[in-house]
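Sequence order for the protein chains is A and B. Terminal number for the first sequence in the working numbering: 602, no gaps in between. Terminal number for the second sequence in the working numbering: 1600, no gaps in between.
The hints are simulated quantities; they were obtained by calculation from the structure and are not laboratory data. Note that the structure is predicted; figures quoted are calculated from it, not measured. The C-beta atom is built at its ideal place from N, Cα and C for all residues, glycine as well. Keep in mind that a hint or two might mislead.
Listed below are the simulated SDA-like cross-link pairs for lysine to any residue, each with C-alpha atoms no more than 20 Å apart in a straight line [as the list claims (entries may be wrong)]:
| # | chain 1 | residue 1 | chain 2 | residue 2 |
| --- | --- | --- | --- | --- |
| 1 | B | LYS1440 | B | ASP1466 |
| 2 | B | LYS1440 | A | SER570 |
| 3 | B | LYS1510 | A | ILE465 |
| 4 | B | LYS1510 | B | ILE1541 |
| 5 | B | LYS1510 | A | ASP387 |
Over the 10 Å line for every Cβ pair with chain A, so calculated as not near, a few chain B residues [as the list claims (entries may be wrong)]:
| # | residue |
| --- | --- |
| 6 | ARG1372 |
| 7 | ARG1436 |
| 8 | ASP1472 |
| 9 | LEU1578 |
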Amino acid sequence: MMDWFPLWISLKVSVIATCVSFVVALAVARRVIGMSGISRTVVDGLCTLPMVLPPSVLGFLLLIIFGRSSPVGQLLARFGIRIIFTWWGAVIAAAVVAFPLMYRSARVALERIDSSIVNAARTLGLSEWRIFFTILIPLSWPGIAAGLALSFARALGEFGATLMVAGNIPGQTGTIPLAIYFASESGRLGEAGLWVAIILAVSFTAMAVMNWTEGRKR
Amino acid sequence: MKIIAVLAACLCLSCGTREAGGKAEKGRVGVERKDLRLGAAISLSSVLDTCIHAYKTIHPDIDIHTIYSSAGSLQRQIENGAPIDVFISASAEHMNRLEEKNLVAIGTRRPIVRNSLVVIVPKERIDSPSFADLSLPATIRVALGEFSSVPAGRYAEQVFAHEGVLEEVLKKTVYAKDVRQVLYYVESGEVDAGVVYSTEAIASTQVRITARAKADTHEPIIYPGAAIAGRGDIEQAVLFLDWLSGPEAQELFHTYGFDSP
């Protein structure tokens, strides 16, 4: 009897992580396009960093931020919340690695919008919120959708930081990449192979969706 | 065309020197240097580093390269053709699997050392749980080695089964990829308890031992060592293994908390 838990926890973690990075990335990208000079370089660099850092570095930093001895960890512990070695740890790890992909796609898509449209809306007295939701988002949607697909696929494939922050707790934090690693380390190659096939199928579907939305743009 | 020829020549040269470097190299004093690749359970890393240092004074011509990981991980690597001449496992099981596949040089297997199993807690923790106590609510998370690839995990599983608390403990278990990771999880205080070898616990200042497994609750923790078949210089491998079983190395093992088999 195959235990399907890794598939469900992987989908749950990836969907939540993608949603989180979607909201944060859009908010940050919206700010960044209005910036210039050194502040823009710094913010843009920081937001892209998780993409190029080794997952072990991210895992290490997350352990320092959310660990038991950190101020954040102690504050959360007062409310009975634990991040490390729970599936929320997996969500945070996945959201952090997925964020740059979402952020960059959103920033590029927002920058491509003709600023005269936005200015016209402003002279007609539309609020910034309204402009954002009725003009910016719809016009940049293909790019944002591509970012969603990419960040979902990246969240689904997250392994290194997840192993450090969420650990391998079958039935709680054991995502598909963790299941593959531990199955192959134990010589259960059939089981590992099956999970590889599943993650290939899901990731490929996400990439196909991305290409499809990009194709519609033209 | 010329460029391609030069590149090809460079490639050949670099391959050639690497080949030579791998096998034997004339040292500065004219002795022939030999490489020995040792794959060993990570719980042996500190003591083996000391042993190798001592061995080097007797056999200066041998360069021993070490690969430390979980016994299960090393077993998989050897099965897939990793260049390992000597393997020291933390359990008989992983050595047995290599023997079944005829990967162990016949007649070279022997017990090297013995270890024992303990419960450790972060040093801030006040109470002292026994193995059975880990099923109680006072312990929220327990770190264990992954059962099929980390021998320390499998021995712990046997103790919990013997105590009749395996099912409850499994619900709160974080599986680590090797015994060092179990120790790290407990040291960082992210888990409330863990099960490691007593030698690991003694070496750490961040953890406290609260219980010791009785010998009749698990298989004996004996580390077998053997030369890997089909890897050239079996003689060198056997020489090193003989020395490890000998009095000088056994004395070093004792200082690190290991027992003789």
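Hint numbers not upheld by this structure, sorted from lowest to highest: Numbers 1, 4, 7, in rising order.
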